[in-house]
Every structure is written in structure tokens, then in C-alpha cells.
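**Student:** Sequence:
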Amino acid sequence: MSHGWRGILAGREILRKGLGWVVGSGEKIRVWSDPWLSCSSPLTPIGPTDSALLVSDLLCPISNSWDKEKIQKYLPQYEECILSIITSSAPSQDGLAWLLDKYGVYTTKTGYGAGIKSAVNSDDSMSSFDWPKNIWNIKTSPKIKDFLWKLARKAIPVSSNLSSRGIPSFNCKTCDGVEDDLHVFLHFRIATQVWDLAPLACRPSTATPSIATLISLCQMCTVLHPVGLIVPLWP
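Counted the way UniProt numbering counts, the sequence shown spans residues 1 to 235.
Please keep in mind that the hints were generated in silico from the structure rather than gathered at the bench.
Be careful, since some hints might not be right.
To be verified - So the derived label-pair ranges between C-beta atoms look like this:
| # | residue 1 | residue 2 | range |
| --- | --- | --- | --- |
| 1 | 137 | 196 | 38 to 48 Å |
| 2 | 174 | 149 | 25 to 35 Å |
| 3 | 12 | 149 | 53 to 63 Å |
| 4 | 198 | 97 | 50 to 60 Å |
| 5 | 128 | 96 | 44 to 54 Å |
| 6 | 164 | 70 | 40 to 50 Å |
| 7 | 196 | 12 | 27 to 37 Å |
| 8 | 144 | 97 | 13 to 23 Å |
Claimed, not checked - Pairs of lysine to aspartate or glutamate residues, derived as EDC-like cross-links and limited to a Cα-Cα distance of at most 16 Å, are as follows:
| # | residue 1 | residue 2 |
| --- | --- | --- |
| 9 | 28 | 57 |
| 10 | 17 | 101 |
| 11 | 70 | 57 |
| 12 | 173 | 196 |
| 13 | 150 | 176 |
| 14 | 28 | 13 |
| 15 | 68 | 79 |
| 16 | 154 | 176 |
| 17 | 70 | 80 |
| 18 | 28 | 130 |
| 19 | 73 | 57 |
| 20 | 109 | 94 |
| 21 | 17 | 34 |
| 22 | 17 | 27 |
| 23 | 150 | 181 |
Positions of the beta carbon are idealized from the N, C-alpha and C atoms, including for glycine.
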């Protein structure tokens, strides 16, 4: 499977997770398998998988308002939530909306944001990462901030990052070790020598669990300047 096709499939999955149904006639919406309970996040009722039950079965055929008796029969635990959904008295079609946008319209910006959020939530080391403190508010040049951002986002082209994007993995060309961010910037022989030669009051441990942790630890490192002054690590 090509890298481009993998990207299309990943984008499709992000889109699917952000879509929800807007109730019109209810004839296209399956009660137990489609997300229709909320206009802010994709919520699907938990209950028996009766695929024949449609949202239209919960609506009065004449007024298109909610039938409380049927709701109490099939979904009593969701009654309050369902009754809060406003239906149209005029005939209308069911429609899908992108719930991560207040207008219900998908854009590449909101799609990218959803993808980034999903990636961060899946990485425990990034869930508590303080972006302003560790990157955006540090006193350094824009190019250093940009590099740190790429490093934290796993956008540096090392083997482990490329592999996650569908590119065949490879080992370090020098030592044949597994090439990931920590190997390049902490564990590799030359990286170790650089850390040993750096005039730091203390240096990060080789047991540092993630690149995000390493970036955070660097905020606590101070450089022992040759003239006796203590200056920040980032130039």
C-alpha cells in the first residue's frame, strides 16, 4: 500500500470519527449504530443491536416531534438527551454534519486539528506536555522553536517516525541500532559525547522515557558559562 493511500485512509478515519447525523425525517438513521444523540460529539446509544429500528420510529408521523412513549419503551435512559434534540415540523432530509465545526462543515484546518489531537491523546508522554513552557515561550530563536516543535511532533525524519508514515524502517547507519528520536539525540555515541562535553550543571539521564520528557528536562538544564554566568540551555 502506497504512502499516499495510507494518508487517504487515515484522513477517512478522522472524518468518520467527527461526523454525526442531524435528524430530519429519521428514515436514514439507525438508532443503535449511527451517531445521532449529540450535535457536539459523535454519540451512539448503547443497547440491543436491533438494526431495524430507525430514528423515524421514535418520531410522530404527522408532527415529526418525538414520541415520548416510544422513547420510554426503547431508550428510557436517553430520554432527556433525545428530547433536547429539536426536530423540524416541515419535511426535511437527514444529513451528516462535521461536529468539530460550529457550522457543521469539514475543513482541512479542523481535520488537521482533529488528527493532531488524536495523535497527542494516543501518546501518554504528550498528553501533559506544556507547549508554551517547553517551546513557544522560551527565549530563543524562531528556528530553534521550530525544530523543537518538529521534534516533539515526531516530524524529524528518523527511522521510527518514517516507519509510522508507511516508509520501510531501517537501523542506524553507524551503529546498526534502532534509529528513533532518543537514539539520535541521547543514546547514540556522538550524542553521548556532546552531552558529556556540554558545560551543564546536570544532564538528562539515558533512561529518559520519551523525547517529550527530554525536551521538558532540558528546561531545567543550566549552562555553566565560561565567564561564570549561568545561562539558559537554548541559544
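**Student:** Each hint needs a verdict: does it hold in this structure or not?
**Tutor:** Evaluated hints:
1. 137 with 196: 38 to 48 Å: The hint (38 to 48 Å, Cβ to Cβ) is violated, given that residue 137 and residue 196 are roughly 29 Å apart.
2. 174 with 149: 25 to 35 Å: holds (27 Å)
3. 12 with 149: 53 to 63 Å: violated (27 Å)
4. 198 with 97: 50 to 60 Å: holds (53 Å)
5. 128 with 96: 44 to 54 Å: Since residue 128 and residue 96 have Cβ atoms about 34 Å apart, the given range 44 to 54 Å is violated.
6. 164 with 70: 40 to 50 Å: At 47 Å between Cβs, range holds.
7. 196 with 12: 27 to 37 Å: violated (48 Å)
8. 144 with 97: 13 to 23 Å: Check failed, 41 Å falls outside 13 to 23 Å.
9. 28 with 57: The given pair, whose Cα atoms are some 11 Å apart, holds under the 16 Å limit.
10. 17 with 101: OK: residue 17 and residue 101 at ~13 Å, within 16 Å.
11. 70 with 57: Holds, at roughly 8 Å.
12. 173 with 196: violated (22 Å)
13. 150 with 176: The hint is violated at about 24 Å.
14. 28 with 13: Roughly 21 Å between the alpha carbons, so the hint for residue 28 and residue 13 is violated.
15. 68 with 79: holds (8 Å)
16. 154 with 176: violated (21 Å)
17. 70 with 80: Holds. Residue 70 to residue 80 sits at ~13 Å (cutoff 16 Å).
18. 28 with 130: violated (44 Å)
19. 73 with 57: holds (12 Å)
20. 109 with 94: Status violated; Cα separation ~25 Å.
21. 17 with 34: It holds: about 11 Å lies between the C-alpha atoms, which stays within 16 Å.
22. 17 with 27: violated (22 Å)
23. 150 with 181: Measuring from Cα to Cα gives roughly 11 Å; hence the hint holds.
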